[in-house]
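Colleague: Line by line, the protein sequences are chains A and B. Whatever position you read off the first sequence (first residue = 1), add 32 for the numbering used here. Whatever position you read off the second sequence (first residue = 1), add 32 for the numbering used here.
There's no promise every hint is true.
[Said to hold, decoys possible] Derived DSS-like pairs (lysine-lysine); straight-line CA-CA distance at most 27 angstroms: (1) K221(A) to K57(A); (2) K81(A) to K145(B); (3) K81(A) to K292(A); (4) K124(B) to K159(A); (5) K145(B) to K145(A); (6) K56(B) to K134(A).
[Claimed, not checked] Quick look at which bits of chain A chain B covers, simulated, 3 or more residues with Cβ under 8 angstroms: (7) 80 to 86; (8) 89 to 101; (9) 109 to 115; (10) 118 to 127.
Derived from the structure by calculation, the hints contain no laboratory data. Remember, predicted model here, so these are calculated numbers, not experimental data. Note that CB positions come from ideal geometry on N, CA and C, so glycine has one too.
2 protein chains.
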Amino acid sequence: MAVIVQKYGGTSVADIEKIQNIAKKVMQKKAEGNDMVIVLSAMAGETNKLVQMADSASGGTPNEREYDMLVSSGEQVSISLLSIVLNSMGYKAISLLGHQVKILTDKIYTNAKIQSVDTGVISNELKKGKIVVIAGFQGVDTEGNITTLGRGGSDTSAVAVAASLGADLCEIFTDVDGVYTTDPNLYNKARKLKKISYDEMLSLAGAGAKVLHPRSVELAKIYNVPIYVKSSFSEDRGTLVTREDKDMEKEVVSGVAYDKDQAKITVVHVPDEPGIAARLFTPLSEQNINVDMIIQNASSEGYTDLTFTVSQKDIDEARRLLDVVAVDMGASRVDYDETISKISIVGVGMQSHSGVASKMFKVLADEGINILMISTSEIKISCVIKAKYTELAVRVLHDAFGLDQEN
Amino acid sequence: MAVIVQKYGGTSVADIEKIQNIAKKVMQKKAEGNDMVIVLSAMAGETNKLVQMADSASGGTPNEREYDMLVSSGEQVSISLLSIVLNSMGYKAISLLGHQVKILTDKIYTNAKIQSVDTGVISNELKKGKIVVIAGFQGVDTEGNITTLGRGGSDTSAVAVAASLGADLCEIFTDVDGVYTTDPNLYNKARKLKKISYDEMLSLAGAGAKVLHPRSVELAKIYNVPIYVKSSFSEDRGTLVTREDKDMEKEVVSGVAYDKDQAKITVVHVPDEPGIAARLFTPLSEQNINVDMIIQNASSEGYTDLTFTVSQKDIDEARRLLDVVAVDMGASRVDYDETISKISIVGVGMQSHSGVASKMFKVLADEGINILMISTSEIKISCVIKAKYTELAVRVLHDAFGLDQEN
Chain A
33 MAVIVQKYGG TSVADIEKIQ NIAKKVMQKK AEGNDMVIVL SAMAGETNKL
83 VQMADSASGG TPNEREYDML VSSGEQVSIS LLSIVLNSMG YKAISLLGHQ
133 VKILTDKIYT NAKIQSVDTG VISNELKKGK IVVIAGFQGV DTEGNITTLG
183 RGGSDTSAVA VAASLGADLC EIFTDVDGVY TTDPNLYNKA RKLKKISYDE
233 MLSLAGAGAK VLHPRSVELA KIYNVPIYVK SSFSEDRGTL VTREDKDMEK
283 EVVSGVAYDK DQAKITVVHV PDEPGIAARL FTPLSEQNIN VDMIIQNASS
333 EGYTDLTFTV SQKDIDEARR LLDVVAVDMG ASRVDYDETI SKISIVGVGM
383 QSHSGVASKM FKVLADEGIN ILMISTSEIK ISCVIKAKYT ELAVRVLHDA
433 FGLDQEN
Chain B
33 MAVIVQKYGG TSVADIEKIQ NIAKKVMQKK AEGNDMVIVL SAMAGETNKL
83 VQMADSASGG TPNEREYDML VSSGEQVSIS LLSIVLNSMG YKAISLLGHQ
133 VKILTDKIYT NAKIQSVDTG VISNELKKGK IVVIAGFQGV DTEGNITTLG
183 RGGSDTSAVA VAASLGADLC EIFTDVDGVY TTDPNLYNKA RKLKKISYDE
233 MLSLAGAGAK VLHPRSVELA KIYNVPIYVK SSFSEDRGTL VTREDKDMEK
283 EVVSGVAYDK DQAKITVVHV PDEPGIAARL FTPLSEQNIN VDMIIQNASS
333 EGYTDLTFTV SQKDIDEARR LLDVVAVDMG ASRVDYDETI SKISIVGVGM
383 QSHSGVASKM FKVLADEGIN ILMISTSEIK ISCVIKAKYT ELAVRVLHDA
433 FGLDQEN
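Just chain A, same shape as in the assembly (with noise of 0.2 angstroms):
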């Protein structure tokens, strides 16, 4: 008998026929003598939707503890539905808030951080033989408001759960059905990865695969949670994500990642004087502006051009910021290009291979691609292009380290 954590995702509890879905395999599961343990996401749609209304009544922003109030509300209504399912259907299954389990959290609403998740609720209706309905994407702080992890939370809500438990295994339904070697909409030789390490599944998300959210692979990659990905919607096998092994380091390159959601932004000819980056890059992260790529080109007679990368929603508060900064700073000026994206290969087998690199660089340069910008980590390795080329890329890519066959 093993304890399972199973989540699922919002198209997977959309209607109350999905829902039923669910609790057919969740029965199953439980048949089968396992202790099972849900967590869900709102119904498709809800979220969005109290989103609306939050901005709606405030004009945009919305004080944010009455949001995450707000928005919480959906998962309250998934958990209560599939925990009326499971008890008509002679399942004995209870639904539990945030602040029931507890899983408590700091006090940043909005994208609240887990700090840590009792299992004495838990493990006490598990004994009396229930179902454990736990709603995902919420927490509780210490003076007991209500907070939200922000988008995906509910991916780590499972984790953490899994890993407070000691679950045997985390399971994570979702609309697409396993981790692929690149997009499967982009590229129709797209392979099905059966394995993949919590660090390529990092480097995969960051770089734009919207498959798990990176902090839950964070966390399941601290306390050892794997992490089963499949479709709600089908049987088919889905992806682990686990520790690395032998198997995985065969692979040399493991997936192909594109992000479009990039914009450039090159502050050009600032003196270059110690301290110039946190000049920078301080107003940005004040405002909570994530910045990827950072390249500060070879100093020339005391200048230099600072270049990076930016999500594109933040680019007009970016430019607000930079015309203050950059002038203050000395730049000659500030470009910006929206026109851009980054493509990354990624695999823990580049550790133990040379020229990876140079055959990624090499592949585009065929195409007559031009490389914008390079970054590289012990098993990514990311170019900016220009937007345009991005499905050429990943397609020439993917070819090129073969992976669309099976190693």
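Given chain A, work out where chain B should sit, using these hints.
Modeller: What follows is chain B alone, placed relative to chain A:
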């Protein structure tokens, strides 16, 4: 400076625009220096939508704990929206759920009774200058499970909060603008009352006037909380529900109520033995069927007839039970009549005026309306008549007791 509790019903918070209108009312009173505590229902239609989901998920008999978890989400939406609006208009506001307040109830899911309201959190937030917005209809049991208070529960929440805080006033904003001498939709001579006593209000509510939930009036009476009932859509003066005073006693009759949702059941020719009433009514009460008027005819030759009324929704269940019980008891047959209604006249002044009952009977007789059952209390006389005479009876009684004219 006063502490004012205001309750707004579902139609008053039906959309963002209506919530913004409420916010203006609240801010005005706050700006006048009052401490404001607001209790809200769910947005109009939301609770029904959730109830339908529960039925659809369960085939009609949802697990009651989970049902409460589901339907209580509606108030979470309305309170956070009002709080968002107030904050965005520059007022400090905080929304609180039943368990955050904490509104402690018993463990009777779907129909819980409030046992206590902790004023600690509310008072603390009021001291910080905040407007406190509380979810009506919901509470929490000693184990942290969410409970709901049943239909009209938000009125009860408001009065319980007002009583606990020792509030100076409890204003109930609803879609009617006060308490009338009779239903204005039924008779256009109906007149709005300036004041009514708790007991009269209870008699009216029990007799079918749907302005305030009886439990909220009972609670208001016990704790002597004055309730001011008024419309959220107009500035008209409403009706004050309060203790009896000398003014009230001048009016012999203050209102005519009717209830068409009644069915009459007669158990014919039962052997008249001790305990027959108990044998008859125990199975009904065990199925939560409320019996209203009961009449036992004088026994003749060791046999008696028992007549009583139930709600029309309970008639099928009552029939199922009585078909067994009445036979067991040796009754010759059971008659059912769903074509009846109950007409009541209510007034504290009745206690000191004789002849009110006989006047009522005569007025009805003059119109050829046959009285099928009669029941009386200190401040109410009720007659069961054929349903088709309901409107006529209301009009002639209203005229006969001069209710269209102010005293």
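Colleague: Now tell me, hint by hint, if it's right for this structure.
Modeller: Cross-check of the supplied hints:
Between K221(A) and K57(A), the direct Cα distance comes to roughly 30 angstroms. Violation of the 27 angstroms bound is thereby established for this hinted pair. Pair hint K81(A) plus K145(B) does not hold up; C-alpha atoms about 33 angstroms apart against a cutoff of 27 angstroms. Between K81(A) and K292(A) the CA atoms are separated by roughly 26 angstroms; this keeps the pair inside 27 angstroms, and the hint holds. Simply put, K124(B) and K159(A) have alpha-carbon atoms about 44 angstroms apart, too far for the 27 angstroms limit, and the pair is violated.
Taking the CA atoms of K145(B) and K145(A), the gap is near 36 angstroms; set against the 27 angstroms cutoff, the hint is violated. Under the criterion of a C-alpha separation no larger than 27 angstroms, the hint pairing K56(B) with K134(A) is inconsistent with the structure, at around 37 angstroms. Look at the segment 80 to 86 of chain A against chain B: 3 of its residues bring a Cβ nearer than 8 angstroms to a Cβ of that chain, three or more, so the hint holds. Three residues within the 8 angstroms Cβ limit are the bar, and the segment 89 to 101 of chain A against chain B gives 10, so the coverage statement holds.
Check on the segment 109 to 115 of chain A: 5 of its residues sit with their Cβ under 8 angstroms from a Cβ of chain B, so the three-residue criterion for coverage holds. Coverage of the segment 118 to 127 of chain A by chain B holds in this model, with 5 residues showing a Cβ closer than 8 angstroms to a Cβ of that chain against a need of three.
In this structure, the hints that do not hold are numbers 1, 2, 4, 5 and 6, in rising order.
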